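Using the sequences and the hints, build the whole thing.
Those protein sequences? They're chains B and F, same order as listed. Heads up: the first sequence begins at -2 in this note's numbering, then just goes up one per residue. Heads up: the second sequence begins at -2 in this note's numbering, then just goes up one per residue.
Just so you know, not all the hints are guaranteed correct.
When chains are identical, the list treats them as one kind, so a pair holds in a single copy or across two.
Okay, derived cross-link-like pairs now, DSS-like style, lysine-lysine, Cα gap no bigger than 30 angstroms in a straight line [stated by the list, open to error]: (1) LYS104 x LYS60; (2) LYS60 x LYS50; (3) LYS72 x LYS50; (4) LYS72 x LYS60; (5) LYS50 x LYS104; (6) LYS104 x LYS72.
Since the hints were derived computationally from the structure, they do not count as laboratory data. Since this is a predicted model, take the numbers as computed values, not measurements.
There are 2 protein chains.
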Amino acid sequence: MTETTDAPRAPGRPRSIRADEAILEAALDLLAEGSTVEALSIESIASRAGVGKATIYRRWSGKEALLQDALRRLKPPPPEPPGQSVREDLIMLVGSTGQNADSRIGKIMPCIMPLVNRSPEQYRLYQEVVEPRRRMLREALRRGIALGEIRADVDIELAVSLLTAPLVMQRVLRANPHLDETDLATRIVDTVIAGIAAR
Amino acid sequence: MTETTDAPRAPGRPRSIRADEAILEAALDLLAEGSTVEALSIESIASRAGVGKATIYRRWSGKEALLQDALRRLKPPPPEPPGQSVREDLIMLVGSTGQNADSRIGKIMPCIMPLVNRSPEQYRLYQEVVEPRRRMLREALRRGIALGEIRADVDIELAVSLLTAPLVMQRVLRANPHLDETDLATRIVDTVIAGIAAR
Chain B
-2 MTETTDAPRA PGRPRSIRAD EAILEAALDL LAEGSTVEAL SIESIASRAG VGKATIYRRW
58 SGKEALLQDA LRRLKPPPPE PPGQSVREDL IMLVGSTGQN ADSRIGKIMP CIMPLVNRSP
118 EQYRLYQEVV EPRRRMLREA LRRGIALGEI RADVDIELAV SLLTAPLVMQ RVLRANPHLD
178 ETDLATRIVD TVIAGIAAR
Chain F
-2 MTETTDAPRA PGRPRSIRAD EAILEAALDL LAEGSTVEAL SIESIASRAG VGKATIYRRW
58 SGKEALLQDA LRRLKPPPPE PPGQSVREDL IMLVGSTGQN ADSRIGKIMP CIMPLVNRSP
118 EQYRLYQEVV EPRRRMLREA LRRGIALGEI RADVDIELAV SLLTAPLVMQ RVLRANPHLD
178 ETDLATRIVD TVIAGIAAR
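Here it is, written out as structure tokens:
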């Protein structure tokens, strides 16, 4: 496995995983430092990670595939909600929207957002990051319908957008400085649920 | 008025207005072509508009003041709603969110959004653009409270975010490709109103 000898060493992990991590971390660091996705090159990632370009191409078909893995690493899908109360599940899913363990994401997501509708490749990346949470929200809403808590004719995609968009706008942009952010996820869920509750 | 002789000529308008317009249009064109706000300089705007830097500094104190005027020109405040039905007013205000007569705005707003929380100057610019619509939405909601249509204890800022964020996310980013966009403003308003209606 000669291609991994140029990766930084961390004790106790296989070398190939360390090289993967170093490469993904390099891409994320470059983005967090202000590189645009368009400006990011396999060359710049290789140089930052201290590996050769060939090492990267042995693992990924190109920049898009590498970035998909990097974004998955940065923003893992939310944990599956416990599936008890529909309201509690929605609060958990909405509350984790735009909340990120990795501090780089606050810098990277706003860089990616403006590119989303400039390139189809970028749009796919964005969708891949947000779709897992949307899927879980749909499932929670459908469970609410099955339980008779939510109207059967509810527009599920509209409900998903109402549940997530205000928090994304607030966490990524602090869009409305007048909005009280205390228990925001709970207040959003309760207002939307009131609008879509079964009569 | 020697400072305006270098502005492009358009018949029937005072020269100083023509120079103002050429300068603001130059700034907007540069942004729409992909310049970041940070990279935009008085020099590049002057060069694009075909005026001297002194011509710009006679009119604006600096880049921030110029950009504020440029954004106001690009995105004038929405027309005041007729003030008859609260629901109709909300639909009109929500429907005009993120909908722009000037096609450059689709390219400029996403460029500005990521900078919003990187620089206080940029954040003020963004707020100045969005605050007029928020003010009108608050007024419509307060009228709904006064009329007994909307609960008196409603969180107005939360309602404003619920009304606007889904459309912004959809129009600027096409955030949810599964969301049916037919009559989206009406469906958002009706769902939110159902959630905040007086009992």
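To see whether the hints hold, each was checked on the structure:
no.	hint	verdict
1	LYS104 x LYS60	both (19 angstroms within a copy, 24 angstroms between copies)
2	LYS60 x LYS50	within (11 angstroms within a copy, 41 angstroms between copies)
3	LYS72 x LYS50	within (25 angstroms within a copy, 45 angstroms between copies)
4	LYS72 x LYS60	within (18 angstroms within a copy, 36 angstroms between copies)
5	LYS50 x LYS104	within (26 angstroms within a copy, 33 angstroms between copies)
6	LYS104 x LYS72	both (13 angstroms within a copy, 26 angstroms between copies)
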